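Colleague: Now for the letters of each chain:
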Amino acid sequence: MNETEQTGLATMRDCWITGGATFDLAPTAWKTIAGSTSPDEQERRLLAIAAQALDVALRPAAPKTLKRRPPLPRLALPMLPERLRPLLRAALKHAVDARRKTRVVTLVASRGFVLHPMDWMPVASDQNSPDVYAPWIDWQASVDGERHAPQEKLTAENWDEFYPAARRIALADMRRSEPASARLLVEAKASGEPAEVRLALIELMRFGLNPEDAPFLKSLSADRSGKVRELAGRLLARLGEHGRSNDGGPDDPAAELAAFISEGKSGFIRRRSIYTPAKLKSPAQEKRRAELFETCNLVDLAARFSATEPEFIGAWQFGADNNADILIARMVAASGSDVAVTHMADALVADGDKPALFVLHLTPRLDSRRKRALVRLILKQANYLNAINLAEGIDAGWLEWNDLSNGSALAALRSAVAGNDDAMRRGADDILETIGFLATATTAAKLIDEVVAAGMPPAAPSLSVLRLNAALAEHQSRTDT
Amino acid sequence: MEFDLKTIEALAPDQASLSAASKLTKRSNWPRLEKNERQALIWGECQGSGSNPYRVVVDTGDHGYKCTCPSRKFPCKHTLALMWIAATAPASFAAAESSPEWVNDWLGRRRKTTPPPAQPTAGAAAKSIDEAARTDESAAVEDVAAVERREAAQRKRAEDTRQAVSAALDELDQWIADQLRLGLSGFVDGSSDRCRRIAARLVDMKATALAGRIDEIPSRLMALRGEEKPDAAIRELGKLVLLAKAWRAAPDDPELKRLVSTSETREQVLANPDAKQVESFWEVLGEKIESRRDGLVSHSTWLLDLKSATPQFAVLLDYFPASAGRRSNAFAPGDRFDARLVFYPSRKPLRALVAERMGEVMSGAWPDFSFGAAKDPLATHASYQDAAPWITDCPLMLPPGAILVDDRGTGWWQAADDPQGIALPIAGAVNQTLLGLDLAATAALWNGARLELLAAQSGFGRLDLS
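Protein sequences appear in the order of chains R and V. Letter 48 of the first sequence, counting from 1, is numbered 48 in this note's numbering, and no numbers are missing. Letter 169 of the second sequence, counting from 1, is numbered 169 in this note's numbering, and no numbers are missing.
Since the hints were made in silico from the structure, they are not lab data. It is possible that some hints are incorrect.
The calculated DSSO-like cross-link candidates involving lysine-lysine, where the alpha carbons are at most 30 Å apart (straight line), are [to be verified]:
no.: 1; chain 1: V; residue 1: 375; chain 2: R; residue 2: 64
no.: 2; chain 1: V; residue 1: 348; chain 2: V; residue 2: 257
no.: 3; chain 1: R; residue 1: 281; chain 2: R; residue 2: 265
no.: 4; chain 1: R; residue 1: 67; chain 2: V; residue 2: 288
no.: 5; chain 1: R; residue 1: 101; chain 2: V; residue 2: 288
no.: 6; chain 1: V; residue 1: 288; chain 2: V; residue 2: 257
no.: 7; chain 1: R; residue 1: 93; chain 2: V; residue 2: 288
no.: 8; chain 1: V; residue 1: 307; chain 2: V; residue 2: 375
no.: 9; chain 1: R; residue 1: 67; chain 2: V; residue 2: 375
no.: 10; chain 1: V; residue 1: 245; chain 2: V; residue 2: 276
no.: 11; chain 1: R; residue 1: 31; chain 2: V; residue 2: 245
None of the values given here were measured: they were computed from a predicted structure.
Turn these sequences into a full structure, and let the hints guide you.
Modeller: Set out below in structure tokens:
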């Protein structure tokens, strides 16, 4: 299209927008085609030419503001084989929330693969997906893409060159290997960050927490953010540092909380203390007690009874008041020392039965061995199988067939699958999904056969994680041979 | 296999279904028949009247079934035919180790109930499988006079239709002239009502296909920004003028007839010796499912010819009533198969039918299309428009490029070696992950204003974008 035609088209266009005849405005060549027909026909012919010109002769111009994102980085693990992607997509589709999706992603990573970016992408604020995805999290967080995560060690000098996720992972690693250097870095840099980032940085102090961290944590009692002050207080409590002075006055929350707990004695020969939650008279009291459990630290509460943390936990009468048990479990998880946490977990798992479920609150602070022991216990007892879905931060792909077949879990699952109770079946679906994450590939394959034999349709969506798990092993063995 | 003919007779909703099913029991209607005895399932693909085959699965244990056809009869003739084959020729079913994804999908979604086994009901006496089989065998022999009468009536109907359509196009011409006189800004604002009115007139005057196209103009305009709408209106109305003129010049042209009044039947296309046929490996690029204002849902499945050195496309197009609910798709994006396609005759053949399917094909990369240096990405579109200026959606294979965003968040495709030149705006929201991927080749549809992405090849493998 030449310049005259372009100008002619523009004026004709303006004329048609408002309405009217454009014949006189048309380029000469077009007028010739429109010919000497009726005015309506002339307009139609010109319209046809204009339509064709717009379609064929013009090209959309690129706006000047077009921006390109930096290329999506390659991850350290190979991509999940194409053959397994339909199974993965089915498993992701069945995983209803971000937490369950992350479990699927973790399972795949535990077998040495990453997902295709069009199947799943971590969000910029993701803190739970496997470390291998850090470059993608930072890619998501990067707006301009000008910074590039350096490969060298994190220092105060190159702090700003790291993306947040890469920095978090580098710091967590450093806390495990050189806790003092990591603390010095956080000390130097945290104060310059906004409260939200500061909180995330201080939170990393839980890795390799040791008494040398106490002075820094104490210094945070003057922090501008209430959340940071609270977190620092809890970390200090884990180190056995009392957060508040034990003056016993009316303003001391530990004293107020202690009043909700009755101290008694038990045993004929060796009298020992026991602690039982006092009977509450009103919902208001219940609410207040919950608030106090949340704000007080275990070490302060134990001190009110002149006991150490393990002594206090050992003497607590689990089973007397379910709500109080949950509150104390949460308190131990939040502010108990490592000794108190492991003491509570070991004692309750050894005793078994329902109180063992309170250990679920402690899972974020338990080592891998104890978490596995808890899962095995829940499966063995099978009275509260659904509780398995609540376990946090457990490794993927370790549960053996014996762990399932030793107790009553299999029988319970089989009867739920075969039964007509919809609620039971839904419960079984959730448990199967969780076991799909925990199981080894062999266990996953066997379990599918078991529940299908019990009447579950072989292609039921609730088996999707188990199927993916089993197929991942098949692939590994194929590539091995 | 746990079927006997009595059970099928009892399950059939009426005699007509049984009769229709009997015609479908020929093995040639079923490119795929498989069974899995462990799961008590039989399934198959039946080439029905649509472009896509219908997928049928039957649980032989409890007689549960599912078919992707839009029939409102339950079970439909395809399901009955599958059961019939199972009862009479069980050897036709190949044993399969595992069930395909679409069967698994159905199994996963179905609520397993245990209905009482099909028993002959009171109305069952009215249905007879023997009669259905008989009607199949005894084709009535027409006498010569009857054939002549029928053909004369057909000619008369065709002539009547042609006259009606001609009058419809006269009315359309006048309507277009009115829109230009009244101003396109008013047309853009009131396109919904104005298009509906003329579309209704065109339906009355037998220009059904054209009416459907005009009914969709408002939604196509709505998808654009305000400043783009007048140009789009010029394009849409101008194409109608061209189409009307082309039809007047050649009212018997099959392509123009299809676009203005009605389409040929599947059988007519298959029987047409002039229809282009291509036997090749095909990859399903993607699907486009649109609910139309006339109550139909159009379902297009775009295919890429994997054996051709230059990008060649085909589209399988089906319509079904929106009230039939969402259908399961016959193909999934990325599927590959070996098939002979027959194209509807046209200047740039795109719409096709699967005449014969030979089997599945292994997945892999696309052929290495040699994109010329600094080639116009819309050159294919221009050649389509030169041959058939009424085409709205043109398939393109774009050279290496990437997706970028403007300050309003709209995605644009741009060639890798052409950072300052042409960029094509993308319809709808763009998956943010795409912005970080280099696209080695991208299959898309260009409608003159927006690019609809179908699929792409990248460093991360095939990307499903439809």
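Colleague: Does the alpha-carbon distance linking residue 245 (chain V) and residue 276 (chain V) stay inside the 30 Å limit?
Modeller: The hint holds at about 25 Å.
Colleague: Between the alpha carbons of residue 101 (chain R) and residue 288 (chain V), is the straight-line distance 30 Å or under?
Modeller: 28 Å, holds
Colleague: Taken at face value, is the distance from the CA of residue 245 (chain V) to the CA of residue 31 (chain R) at most 30 Å?
Modeller: Distance of about 18 Å is within 30 Å: holds.
Colleague: Taking only the CA atoms, is the gap from residue 67 (chain R) to residue 288 (chain V) under or equal to 30 Å?
Modeller: 28 Å, holds
Colleague: Does the structure keep residue 288 (chain V) and residue 257 (chain V) at a Cα separation of 30 Å or less?
Modeller: 24 Å, holds
Colleague: Checking one constraint from the list: CA of residue 375 (chain V) to CA of residue 64 (chain R), max 30 Å. Satisfied?
Modeller: 21 Å, holds
Colleague: Keeping to a limit of 30 Å between CA atoms, is the pair of residue 281 (chain R) and residue 265 (chain R) held or broken?
Modeller: 24 Å, holds
Colleague: Taking 30 Å as the top limit, are the C-alpha atoms of residue 348 (chain V) and residue 257 (chain V) close enough?
Modeller: Judged against 30 Å, a Cα distance of about 15 Å means the pair holds.
Colleague: Would the pair residue 307 (chain V) and residue 375 (chain V) pass a check requiring their Cα atoms to be no farther apart than 30 Å?
Modeller: Cα-Cα ~22 Å, so holds.
Colleague: Given the hint that residue 93 (chain R) pairs with residue 288 (chain V), does the C-alpha gap stay at or below 30 Å?
Modeller: 22 Å, holds
Colleague: Do the alpha carbons of residue 67 (chain R) and residue 375 (chain V) lie within 30 Å of each other, as the hint requires?
Modeller: 22 Å, holds
The structure fails none of the hints (numbered hints given earlier).
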